[in-house]
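Q: Required output: the full structure, derived from the provided sequences and hints.
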Amino acid sequence: MPAPITRFPGLSSTRSRAVVHDDLVFAVAVTPHNEPTVYAQTKSALARIDESLSLTGTDKSRILTAIVYIADMAQKPEMNRAWDEWVDMKNPPMRACLGVDLEHPHLVEIVVTAAK
Amino acid sequence: MPAPITRFPGLSSTRSRAVVHDDLVFAVAVTPHNEPTVYAQTKSALARIDESLSLTGTDKSRILTAIVYIADMAQKPEMNRAWDEWVDMKNPPMRACLGVDLEHPHLVEIVVTAAK
Amino acid sequence: MPAPITRFPGLSSTRSRAVVHDDLVFAVAVTPHNEPTVYAQTKSALARIDESLSLTGTDKSRILTAIVYIADMAQKPEMNRAWDEWVDMKNPPMRACLGVDLEHPHLVEIVVTAAK
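Chains as they are written, first to last, in the working numbering: chain A, 1 to 116; chain D, 1 to 116; chain U, 1 to 116.
Just so you know, not all the hints are guaranteed correct.
Just so you know, same-sequence chains aren't split out, so a pair can sit in one copy or run between any two.
As the list claims (entries may be wrong) - Calculated cross-link-like contacts (lysine-lysine; reagent style DSSO-like; alpha-carbon spacing at most 27 Å):
1. Lys116 / Lys76
2. Lys60 / Lys76
3. Lys116 / Lys90
4. Lys76 / Lys90
Hints listed in this document are in silico derivations from the structure and should not be mistaken for laboratory results.
A: Shown next, in the form of structure tokens:
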């Protein structure tokens with residue numbers, strides 16, 4: 001029998017903020033508060049990732065990968081500042097940071113894969 | 001013994017349109033028809049994803065994640081229109097939509113992870 | 001009991017170059033040499049992926065997916081040249097290639113998922 005999939009509703013009914021299958025968790029976050037700075041938005045998006053992982057029964061120490069999309073590569077140091085304060089230094093994920101267009105007013109969007 | 005990997009040939013011999021390992025399926029699609037609009041290209045790319053999932057024995061109700069890359073963020077509503085018509089509303093994937101450069105004439109490229 | 005996660009240190013202590021969980025390996029690479037051309041950087045990044053896969057006990061014949069980020073879509077043929085020389089033609093990954101902003105002096109960044 002195929003393994004069950006659990007989905008956690010996102011801001012829209014046409015996508016999920018987190019999905020669990022076997023012992024893998026997939027989550028995406030932007031800030032829900034639309035702060036004006038990359039630092040503040042990264043902090044909020046990471047807090048939302050924490051919340052999603054908690055909903056699915058895991059936490060940041062079990063993140064496998066993080067892809068961090070930022071709207072302005074010049075602001076990467078500000079994203080890094082929030083990341084470095086937040087990350088579990090004993091369990092750092094594989095991470096890539098890429099400059100892309102995001103929908104206004106988002107400056108940062110984060111996608112993670114974690115283990116349960 | 002390591003689990004077998006099944007690969008489904010893509011447009012080029014140096015990459016696959018879909019790869020299956022254990023109960024995970026990874027698939028990528030652009031439109032094969034090069035329609036001029038984001039709406040039409042999204043519809044075609046999603047149809048190609050459906051086809052790949054069918055080849056691998058699963059379907060859109062089992063998609064875990066979708067990353068949708070679009071060439072022009074201003075056209076996101078048109079991509080969303082095709083997405084919303086297509087998505088299994090009872091089983092929405094985690095999704096991120098990012099504005100990136102795609103190779104002409106592609107306006108949309110979609111990468112999904114699904115469960116068998 | 002949750003499956004163990006093995007992490008391989010990256011250039012910074014706040015992220016890993018590769019992470020292993022169950023029989024999946026996640027790895028990211030940029031060139032460590034900052035060559036001036038896309039072809040040379042792609043070759044170096046792919047060599048670094050080979051090295052990471054070797055550290056984790058697998059190799060390029062078991063890559064499931066590759067996302068190739070390039071800073072200039074006009075240079076995609078040069079990336080492809082390095083890819084085509086390197087790829088295991090009998091086992092081509094699912095691949096997407098996207099134009100994004102990367103941090104100077106990086107012209108190419110590659111994220112792969114492989115099976116053990």
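Q: Now tell me, hint by hint, if it's right for this structure.
A: Going through the hints against the structure:
Within a single copy, Lys116 and Lys76 get their C-alpha atoms no closer than 29 Å, and across copies no closer than 33 Å, so neither meets the 27 Å cut-off. Within a single copy, Lys60 and Lys76 get their C-alpha atoms as close as 21 Å, which meets the 27 Å cut-off; across copies the closest is 31 Å, which misses it. Taking the shortest alpha-carbon separations for Lys116 and Lys90, both the intra-copy value of 17 Å and the inter-copy value of 24 Å come in at or below 27 Å. When the C-alpha separation of Lys76 and Lys90 is checked against a cutoff of 27 Å, the pair qualifies only within one copy, where the shortest distance is 22 Å, while the shortest distance between copies is 37 Å.
Consistency with the previously given hints fails for number 1 only.
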